[in-house]
Amino acid sequence: MLTWKDIINFSVKGNPTPDKRIEKTDAEWKEALSPEQFYITRKKGTEPAHSGALCTAHEAGKYNCVCCDTPLFDSTIKFESGTGWPSFTQPIKENAIKYEKDSSFGMIRVEVMCNTCDAHLGHVFPDGPEPSGLRYCINSESLQLQQENTVHE
Numbered sequence: 039m040l041t042w043k044d045i046i047n048f049s050v051k052g053n054p055t056p057d058k059r060i061e062k063t064d065a066e067w068k069e070a071l072s073p074e075q076f077y078i079t080r081k082k083g084t085e086p087a088h089s090g091a092l093c094t095a096h097e098a099g100k101y102n103c104v105c106c107d108t109p110l111f112d113s114t115i116k117f118e119s120g121t122g123w124p125s126f127t128q129p130i131k132e133n134a135i136k137y138e139k140d141s142s143f144g145m146i147r148v149e150v151m152c153n154t155c156d157a158h159l160g161h162v163f164p165d166g167p168e169p170s171g172l173r174y175c176i177n178s179e180s181l182q183l184q185q186e187n188t189v190h191e
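According to the working numbering, the sequence shown is numbered sequentially starting from 39.
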């Protein structure tokens with residue numbers, strides 16, 4: 039289980055190696071994504087609080103990267119944080135997420151990205167529930183829910 043200390047170490051000393059890498063040009067991403075998905079995932083945007091379709095989703099399944107379909111989070115570790123964005127306590131596996139220090143907007147935070155394609159997902163904070171104490175605060179537009187009872191193509 040990852041802890042805040044692990045997150046800080048990744049953001050300072052380097053991230054775990056992803057299982058694979060996917061790299062595309064901005065033009066290729068623009069063609070594959072909606073304008074809102076492109077803005078959030080490729081330009082580090084943020085959707086307004088409480089506006090994302092996955093904020094209140096409770097179906098069992100995997101939350102995959104909207105850009106490259108890499109599994110990032112599982113529904114079993116999703117929780118209601120009251121922040122207005124889908125929140126998770128852990129990634130689906132340690133090397134699914136990439137971490138970088140973010141000092142934009144006069145704050146110091148840790149940005150989380152898909153480790154496969156570098157899509158901006160959101161941020162992680164040390165104010166989540168036990169046992170990890172982590173809260174991955176993720177934009178709905180950066181995720182797609184693959185429900186357990188559906189076949190994903």
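Any given hint might turn out to be false.
Below, computed lysine-lysine pairings styled on BS3-like, alpha-carbon distance capped at 25 Å [stated by the list, open to error]:
#1 K51 - K82
#2 K81 - K139
#3 K82 - K68
#4 K68 - K43
#5 K43 - K131
#6 K131 - K82
#7 K43 - K139
#8 K58 - K82
#9 K82 - K62
#10 K139 - K58
#11 K100 - K51
#12 K62 - K139
#13 K51 - K139
If you are wondering where the hints come from, they were derived from the structure by calculation, not from laboratory data.
Hints and how they fare:
The suggested pairing of K51 with K82 holds, with an alpha-carbon distance near 22 Å, which does not exceed 25 Å. Distance restraint check for K81 and K139: the Cα-Cα separation of roughly 16 Å lies within the 25 Å cut-off, and the hinted pair is therefore satisfied. With a C-alpha separation of about 14 Å, the suggested pairing of K82 with K68 holds against the 25 Å cut-off. Proposed proximity of K68 and K43 is contradicted: the alpha carbons are some 36 Å apart, above 25 Å.
This hinted pair checks out: K43 and K131 have alpha carbons roughly 17 Å apart, not beyond 25 Å. Among the hinted pairs, K131 with K82 is consistent with the structure: their alpha-carbon atoms are about 23 Å apart, no more than 25 Å. Among the hinted pairs, K43 with K139 is consistent with the structure: their alpha-carbon atoms are about 13 Å apart, no more than 25 Å. For a cut-off of 25 Å, the pair hint linking K58 to K82 stands: about 22 Å separates their Cα positions.
With a CA separation close to 16 Å, the supplied pair K82 and K62 stays within the 25 Å bound. With a C-alpha separation of about 23 Å, the suggested pairing of K139 with K58 holds against the 25 Å cut-off. A hinted pair counts as satisfied when its Cα atoms are at most 25 Å apart, and K100 with K51 does not qualify at roughly 29 Å. Between K62 and K139 the CA atoms are separated by roughly 23 Å; this keeps the pair inside 25 Å, and the hint holds.
Our distance criterion of 25 Å between C-alpha atoms is met by K51 and K139, whose separation comes to about 11 Å.
This entry does not satisfy hints 4, 11, going by the numbered hints stated previously.
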